[in-house]
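Engineer: For reference, the chains in residue letters:
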Amino acid sequence: QQKVQQSPESLSVPEGGMASLNCTSSDRNFQYFWWYRQHSGEGPKALMSIFSDGDKKEGRFTAHLNKASLHVSLHIRDSQPSDSALYFCAASKNYNQGKLIFGQGTKLSIKP
Amino acid sequence: EAAVTQSPRNKVTVTGGNVTLSCRQTNSHNYMYWYRQDTGHGLRLIHYSYGAGNLQIGDVPDGYKATRTTQEDFFLLLELASPSQTSLYFCASSDWTGTETLYFGSGTRLTVL
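Going down the list, the sequences are from chains A and B. The first sequence begins at 1 in our numbering and counts up by one. The second sequence begins at 1001 in our numbering and counts up by one.
Derived from the structure by calculation, the hints contain no laboratory data. Model, not experiment: these values are computed from the prediction. Cβ coordinates follow ideal geometry from the N, Cα and C atoms, glycine included. Take the hints with a grain of salt, since some may be wrong.
[Said to hold, decoys possible] As a list, the in silico DSS-like pairs of lysine-lysine whose alpha-carbon atoms are at most 27 Å apart: (1) A:K99 <-> B:K1065; (2) A:K93 <-> B:K1065; (3) A:K45 <-> B:K1065; (4) B:K1065 <-> A:K3.
[What the hints assert, rightly or not] Pulled a few chain A residues facing chain B out of the computed Cβ check, cut under 7 Å: (5) G43; (6) P44; (7) A46; (8) F102; (9) G103; (10) Q104; (11) G105.
Modelling step: build the complete structure from the supplied sequences, incorporating the hints.
Structural biologist: What follows is the structure, given as C-alpha cells:
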C-alpha cells in the first residue's frame, strides 16, 4: 500500500472556483509535507511546503496540515485554466533525510 | 532557477537490452534522485545519492543500477530491460540544506518492447 495516499484521483472545477485536494499518510513518522505540480510534458515543480500544524498561505494557494490525523490538504481559490495539472503530495520523515515519498497524484482540470 | 538536464528524451529498446539514462545538474546540489512515474502509482523512488561515489537504495530498485560519477552527473542503468520498466523517468536534485526543494528534469520516456 502506498504510504502517501491522495484523493480524489481526478477533479474538475469551474474557472474561478475553489479546488480542494487531499493527502493522507499511513506512516506517523512522516512529519514534513510538500505539494508539487506537474503540467503536461514537463517535470514536477514545487508549489509549497508545510511543516507545522495549521494553515500556510501563498497567494491563491493554501495548505493545511493536521499531524494528529496525518492529513494535509491544498486549496486553490479563484482557479485558473493554467492551474490544470497533475498535483502531487510528497512527504519526508526528516527535514534533511534526503528521501521524499510521493503520492499517486490528483489530476485537476479547470473548465473555462 | 536550478537546471537539471536529462538525456535522451525518448528511448526505445527491446527486452533484454542495455539502457543508460543520463542526468546532469549544474546547481552544485549534493542530492540527486531517480524516480519513475506511472499512472496510478505517482512518482516512485528508484535510487538516490548524496554525493559522488555514494548510492542509496530507493523503494523500487529491482532491475536498476545507478552510479554517481561526479557532483553533477547521475546515471541510471538497466542492464536487462524488461517491458515492466516501460515508464517515464525523472531525475531530480536538491541541496537539502535549507531550500529542501527537489528540482526535476524534463523526463525520459523509455519503451521496452
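Engineer: Take the hints in turn and mark each one as holding or not.
Structural biologist: Going down the list of hints, with the structure as the test:
1. Restraint check for A:K99 and B:K1065: satisfied, since their Cα atoms lie roughly 18 Å apart, inside the 27 Å limit.
2. In summary, the hint linking A:K93 to B:K1065 is supported, as the alpha carbons are separated by about 25 Å, within the 27 Å threshold.
3. For the hint pairing A:K45 with B:K1065, the CA-to-CA distance comes to about 26 Å; that is within 27 Å, so the pair holds.
4. Distance check on the hinted pair: B:K1065 and A:K3 sit about 24 Å apart at the alpha-carbon level, within 27 Å; holds.
5. The interface hint given for A:G43 is met, as the beta carbon of that residue sits about 3 Å from the closest beta carbon of chain B, less than 7 Å.
6. At its closest, the beta carbon of A:P44 sits 5 Å from a beta carbon of chain B; the interface hint therefore holds under the 7 Å criterion.
7. At a threshold of 7 Å, the smallest CB-CB gap from A:A46 to chain B is about 4 Å, leaving the interface hint in force.
8. Because the beta carbon of A:F102 sits about 4 Å from the nearest beta carbon in chain B, less than 7 Å, this interface hint is met.
9. Because the closest C-beta pair between A:G103 and chain B is about 5 Å apart, less than 7 Å, the hint holds.
10. Evaluation of the A:Q104 hint against chain B yields a held restraint, the C-beta minimum of about 4 Å falling below 7 Å.
11. Evaluation of the A:G105 hint against chain B yields a held restraint, the C-beta minimum of about 5 Å falling below 7 Å.
In summary, this structure violates none of the numbered hints.
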